[in-house]
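Residues per chain, in single letters:
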Amino acid sequence: MIRINCPYCGERDHSEFSYGGDATINYPSLDASEKEWTEAIFFRKNIKGFQFETWHHSNGCRMWLVVERSTVTHEIKSVKPCHPNLQKVAENNK
Amino acid sequence: MKTRRLDNYGKINRDKILSFSWDKKNYKGFEGDTLASALLANNIGIVGRSFKYHRPRGIFSSGVEESGALVTIGSKDRRDPNVRATTQELYNGLEASGQNAFPNVNFDLAGINNYLGRFFAAGFYYKTFMGIPPLEWGKGTAIWMFFEKFIRKAAGMGSASGLPDPDTYEHAHDFCDLIVVGSGPAGVAAALEAAEKKLDVILVEQDSLIGGNQLAENDFDNSQIKNQLENLGIKIMTRTTAFGLYDNCVVGLLERVTDHISAPNVNIPRQRFWTIRAKHIIVGAGAIERHIAFNNNDIPGVMTVNASKHYLNRYGVLTGKRIVIATNNDSVYETAHQLSEAGANVTVLDSRTNFEIETNKSFEIRKGYVPYNINGSKKIDSLDISKNETINKSETINCDQVLLSGGWSPAVHLLSHRGVKPKWDYNNACFLPSDTKENITMVGSSRGLWNKNDCIASGIAGTTDALNRLGISKTNYFFPKPGGWKNPIQPLYEVKYKKSRSKSFVDYQHDVTTDDVRLAHREGFISVEHLKRYTTLGMANDQGKMGNIIGLSLMAELLNKEIPEVGTTVFRPPYTPVSIGALSGRNVGKHFRPLRVTPMHQWNIDHGAKMIEVGLYQRPWYYPKENETLSDSYIREASTVRKTVGICDVTSLGKIAIQGPDSTEFLNRIYSNGFSKLEVGKARYGIMLRDDGIVMDDGTSWRLAENEYFMTTSTGEAAKVMSWLEELLQTRWTDLNVNVTSVSEQWAGVSVAGPKSREVLNNCVDDSLVVTNNNLPFMGVTSTFLKGNIPCRIARISFSGELAFEVYVKSDFANTMMDLLWANAKKYDGCLYGLEALGALRVEKGHVTAAELDGRVTIDDVGLSKMASTKKSYIGSAMRKRGVLKNNDREILVGFFPTNLKETFNAGTIVCEKNNIKGQGIGRITSVTYSPELGHWIGLGFVKGGLDKWKDTNLVGADPVRNKQMNLKVVSPHMIDPKGERMYA
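The listed protein sequences correspond, in order, to chains A and B.
Numbering of the first sequence is given in our numbering, commencing with residue 44 and proceeding in unit increments.
Numbering of the second sequence is given in our numbering, commencing with residue 193 and proceeding in unit increments.
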């Protein structure tokens, strides 16, 4: 069972979370072209090793988190809030 | 019948006699017995029939690796098949019976299969019954499917009761620093060392007693160890199997709480499924003794050497009188000595020629001898032996028991669950655990240590390793080298004996013979994974705990390779079988999933509602009057709404509070239609698309104040929409100052619909002016009070197409609101209506719900292109225009009438052209209802090209599942009041 160390709630089972997706995508602006959106939505890298992905603590604090997880071993290197301002707060509190 | 129990042996409690039944006959045993030891003591040799050949089988082992003594325990709804007699503790009144046999295991009619054995090689059934030429050329597997049920019946194991399980099961959770699996010398040493270093330790033991294989020693007493462990605060869990290791040091345990008790307290669960989250795992799971393959090596009376030692020293049962031990290693000699001391006549056949062993000469050792054939069928009469493996000059020994030891396999299963491949050790002829980066350490004989002092040293080293990895200490340590016997083991897996109809078993469980392995090789199934699936080697209860390595070694020999080149299959959880009951725990019956009810749930029931599940919610389905059926009731309810007024609980809709200065901008981005100009005090119907341009959900948003909105979503998508809004605000649009909060539970909602709804509401609000057409026009919103000073929100929203209002109060006021509205609705001959009538009303109007918005349709498909703004960009606006979503042959929302208005149809009907009724047709019907207004059945659905293409054409509705077919007419989805005059009234 994957255990995720939520910056707000502490270490919890993955069953409390919902998987989001690739956390490294820069979604284009809403008026961007179909091509840009197609790239953003449908084309994904199939990473072997560590990747950044979003998880939603849906049965907890409801925060969206960036989790750095190995797709091979499930090892988790880091967990941060998605929101950049909250990330800063978390950094400062370290 | 004479008992085999010896007076001065065993640790059973002879003061406590237990009676039990085997195949309906009564026997006696003692407290501390297993079913297997009690059966052996009572001289019962045959306890099962084999899977395929129905050969008589006895007890092979004394533990979890057992594949012969699989029996059925209990009767009726407590019948538990395929229980290993070797691990089932005896209790008073235990009912056990043999299985896979008729009439019984002693005399089984299907034993004829044994003589037909040459036909029953691996793959026989599939080769014979699948695609029999020429009958089935190109026709698939109909004949197989016919024969399969007979074949399954003939080849098999015990059968389940088929009745609901009367027992309860429980899920439990725990945390610790260190979990130690196995209470042998290594595990105990590790646990004690860790507890002394102040770690919080759980020690798990699958047996009822701690001690591991020491329980087979005649002078072993575990009471002192137990005290030591307890004094250090170690949590000891006996009768508990660590069946699987998972990510992040999570261990799955199965605790058998009452399986050893004759009349358990009904308030105690039968088994408990534990999830343990540890920081480090030490596995001292021991090693399992292997047998040797040779002809008839499965006759009752064949057993592993270690099992015989257990039965003697733990249970006081001497398993044979004239015993032959066949081995290739040193581990058997202590047992040989003890068996002969206990009164048995013992001969040891050791395949090695050159070795030294100290004995007291109480038994004969025949160096260089191997067994090659057992004579006998239901019991052993004699054993044919030969010098070396080439069988030319042979002799026969009269005996009643053959004990085998082909070497020991460390229990590397748990480590294998983590994807760590074991490595082959030539010196010890076994797989040893490899190192892992995860916090798991293997100790004791499960890392190939054969003597006790090495095991203890490895336990202490294991804990030091754990402390180092946890950053608690930095101490050097080393593990003893694998092995520990004085003389090296000589690999011996099979003794070949070429004789027709010989059966030399590799894996007893599924009757896999050496010939089956050779057949697999001949037919090209040479990878271990193919070998396993073709022959079923290593499958079923024991998962090849005894036989796997023999099979691998045979394949290696056939391929002229070494065992490590052939590899081994991956062990997966569970280590031993786990009952489905334990996995489901309390999540059964009505507790299978959570139940959501609205705050007026009881009110609805008190007023005659029949309920239906919608997602997790219980919603009123219909409110039958006396003798009314569902259809009588909903037709009456729907007509009442159209005629006067009806009240419907709509609390299950998702409700989200959206607040903050950028709320309007936020809604404008997530909805396809414009929200920037929505005035305060107005609501708007909106559609949300996904990033890919497909419709996600629809609902309304009410502007309560400049920076405050109240959003409703569909019942089914409420959670998804909430997560989506949070995702957008936290990941994509982090500059927007908006807060979203789910308020679904905080507000109770009803729809008051029908031409008289305003009058009803008028009587219910404090200030009757608030609901006039001027003050509350169509899509108007107001925050006001119901009579009795109850704060409420009212919006003039219609789903039914009638003049209608949605009224929300705080959940605590739900019943008061219902009383008030209902009392007034009755004055106008109104009704309460449920989901079925709601459905009828919305289908008549062509309003879509989840049945239509199924995650495949676009906003254009459902005829709501007008809802897609051209003045702004929004989520999905670019992607909804992509090529495939703009094809001319997309299925478009339409209404359907049966051509013959007296006919009915069902949702799921496939719409086809008249002379082309096949495949997926040109469309589908998603929702149907009887329309009280129109007086016949109507449907909503999709057809390629939509109304324009088909409005004058007769189509066919094909419903092959229900064997129905009808002619259809395509009509506008807005089947009544297309201009919406009633809503605006």
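Just so you know, these hints were derived from the structure itself, not from any lab.
Incorrect hints may appear among the rest.
Listed next, with one range per pair, are the computed distances between beta-carbon atoms [claimed, not checked]:
| no. | chain 1 | residue 1 | chain 2 | residue 2 | range |
| --- | --- | --- | --- | --- | --- |
| 1 | B | K571 | A | E118 | 50 to 58 Å |
| 2 | A | N102 | B | K629 | 24 to 32 Å |
| 3 | A | C52 | B | E223 | 42 to 50 Å |
| 4 | A | A75 | B | N1107 | 44 to 52 Å |
| 5 | A | N136 | B | K389 | 29 to 37 Å |
| 6 | A | N102 | B | K613 | 48 to 56 Å |
| 7 | A | H117 | B | E287 | 42 to 50 Å |
| 8 | B | N752 | A | H117 | 36 to 44 Å |
| 9 | B | E820 | A | K78 | 57 to 65 Å |
| 10 | B | K1063 | A | C52 | 52 to 60 Å |
| 11 | B | N419 | A | N102 | 39 to 47 Å |
This structure is a prediction, so every number in the text was calculated from the model and none was measured.
No residue lacks a Cβ here, since even glycine has one placed at the ideal position from N, Cα and C.
Tested hints:
{"no.": "1", "hint": "B:K571 <-> A:E118: 50 to 58 Å", "in the structure": "holds, 56 Å"}
{"no.": "2", "hint": "A:N102 <-> B:K629: 24 to 32 Å", "in the structure": "holds, 30 Å"}
{"no.": "3", "hint": "A:C52 <-> B:E223: 42 to 50 Å", "in the structure": "holds, 48 Å"}
{"no.": "4", "hint": "A:A75 <-> B:N1107: 44 to 52 Å", "in the structure": "holds, 47 Å"}
{"no.": "5", "hint": "A:N136 <-> B:K389: 29 to 37 Å", "in the structure": "holds, 32 Å"}
{"no.": "6", "hint": "A:N102 <-> B:K613: 48 to 56 Å", "in the structure": "violated, 36 Å"}
{"no.": "7", "hint": "A:H117 <-> B:E287: 42 to 50 Å", "in the structure": "holds, 45 Å"}
{"no.": "8", "hint": "B:N752 <-> A:H117: 36 to 44 Å", "in the structure": "holds, 39 Å"}
{"no.": "9", "hint": "B:E820 <-> A:K78: 57 to 65 Å", "in the structure": "holds, 58 Å"}
{"no.": "10", "hint": "B:K1063 <-> A:C52: 52 to 60 Å", "in the structure": "violated, 42 Å"}
{"no.": "11", "hint": "B:N419 <-> A:N102: 39 to 47 Å", "in the structure": "holds, 43 Å"}
Of the numbered hints listed earlier, those contradicted by the structure are 6, 10.
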